[in-house]
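Asks: Go ahead and model the full structure; you've got the sequences and the hints to work with.
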Amino acid sequence: MSVSILILTFNEEVNLPACLESVAWSDDIVVFDSFSTDATVGVARAAGARVFQRAFDDYGSQREAARVGVEYKYPWVLALDADERVDDELREEILRLVSSPSSGDHAAYRIRRKDHFMGQWIKHSTLYPSWFIRFYRPETIRYEARAVHEYPQINGTVGELSGHLVHHSFNKGLGEWFTKHVRYAQLEATENLRHMDDSSVDWRGLVSVDPVRRRRALKSLSFRLPCRPLFRFVYMYLLRRGILDGYPGFTYCCLISVYEYLIVLNIKEQRRRTQGVPF
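Note that full-length UniProt numbering numbers the sequence shown so that position 3 is 3, with each residue one more than the last.
Treat the hints with caution; some may be incorrect.
With beta-carbon atoms standing in for the labels, derived distance ranges [unchecked claim]:
#, residue 1, residue 2, range
1, Arg96, Asn171, 25 to 35 Å
2, Arg142, Tyr247, 38 to 48 Å
3, Leu244, Asp27, 16 to 26 Å
4, Phe56, Leu95, 25 to 35 Å
5, Leu238, Gly104, 35 to 45 Å
6, Gln270, Glu150, 18 to 28 Å
As a list, the in silico PhoX-like pairs of lysine-lysine whose alpha-carbon atoms are at most 25 Å apart [what the hints assert, rightly or not]:
#, residue 1, residue 2
7, Lys73, Lys114
8, Lys268, Lys180
9, Lys123, Lys172
10, Lys123, Lys73
11, Lys180, Lys123
FYI, nobody ran anything at the bench for these hints, they're computed from the structure.
All residues carry an ideal CB built from backbone N, CA and C; glycine is no exception.
Replies: See the structure below:
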């Protein structure tokens, strides 16, 4: 038995070929596209993928639409972003799992990701290991509408896989990375303003054994801290030993700190505009 592959795309003609190559072992590849204006759809169809298109509103809704709106060939789905690759260990592990009678023990599985920048794996600065729920049976999960960094609700237990996704977030260049993260900062600001107004910090989540809950709790706390961009840099570069990643690690920490500052500025701007005060 094989697995179905789901890849969300928008203008990913640069990244998609390598992503598709890394999952060529599957005979059911679905590209769920947000009406790309480049050659993404053509690249997908040339590789034999099934293409579905839906206008983008937010990341959570897009993943939920892909979950319920596509009839997958296999019971298990591996969900990817176009700038991710499946390594050999993960491929073999997944194929062994779905061929085993124990494959139904869990509703979904978490997968770690290796982020690459300047030609190397940025092990420390990226807060490795970060876990993402990407392998699941569609009927056991549900995505809520969320602007960015969506998290699924799981009906059942969650396992962990040993293999990795290899992430090349800078593959389309620094300009594209900044463009995307300016947009992400606006979405993050909106999302976090809502959470800061509607809920308190999940203090128990900070020590939870669930890495996803722990990460969300830490992020919720960080938005309430003063000097957040500086805190993020110190945390990544010193406390998490990003200094061991060399110059690429230092550069990466600087870029993420700039992103954090963009979020802070967008929060300030949105608050002022809500009050009718120009920014």
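Asks: Give a verdict on every hint.
Replies: How the hints compare with the structure:
A C-beta distance of roughly 29 Å is found between arginine 96 and asparagine 171, which places it inside the suggested range of 25 to 35 Å. For arginine 142 paired with tyrosine 247, a C-beta distance near 42 Å keeps the hint of 38 to 48 Å intact. Between leucine 244 and aspartate 27 the beta carbon distance is about 41 Å. The supplied range of 16 to 26 Å is therefore violated. For the hinted restraint 25 to 35 Å between phenylalanine 56 and leucine 95, the CB-CB distance of approximately 32 Å keeps it satisfied.
Taking the beta carbon of each, leucine 238 and glycine 104 are about 44 Å apart, inside 35 to 45 Å as hinted. A C-beta distance of roughly 20 Å is found between glutamine 270 and glutamate 150, which places it inside the suggested range of 18 to 28 Å. At roughly 28 Å between alpha-carbon atoms, lysine 73 and lysine 114 are farther apart than 25 Å, so this suggested pair is violated. A threshold of 25 Å between alpha carbons decides the hint, and for lysine 268 with lysine 180 the separation of about 20 Å falls inside it, so the pair holds.
For the hint pairing lysine 123 with lysine 172, the CA-to-CA distance comes to about 21 Å; that is within 25 Å, so the pair holds. Straight-line distance between C-alpha atoms of lysine 123 and lysine 73 comes to about 35 Å, which puts the hinted pair past the 25 Å bound. With a C-alpha separation of about 23 Å, the suggested pairing of lysine 180 with lysine 123 holds against the 25 Å cut-off.
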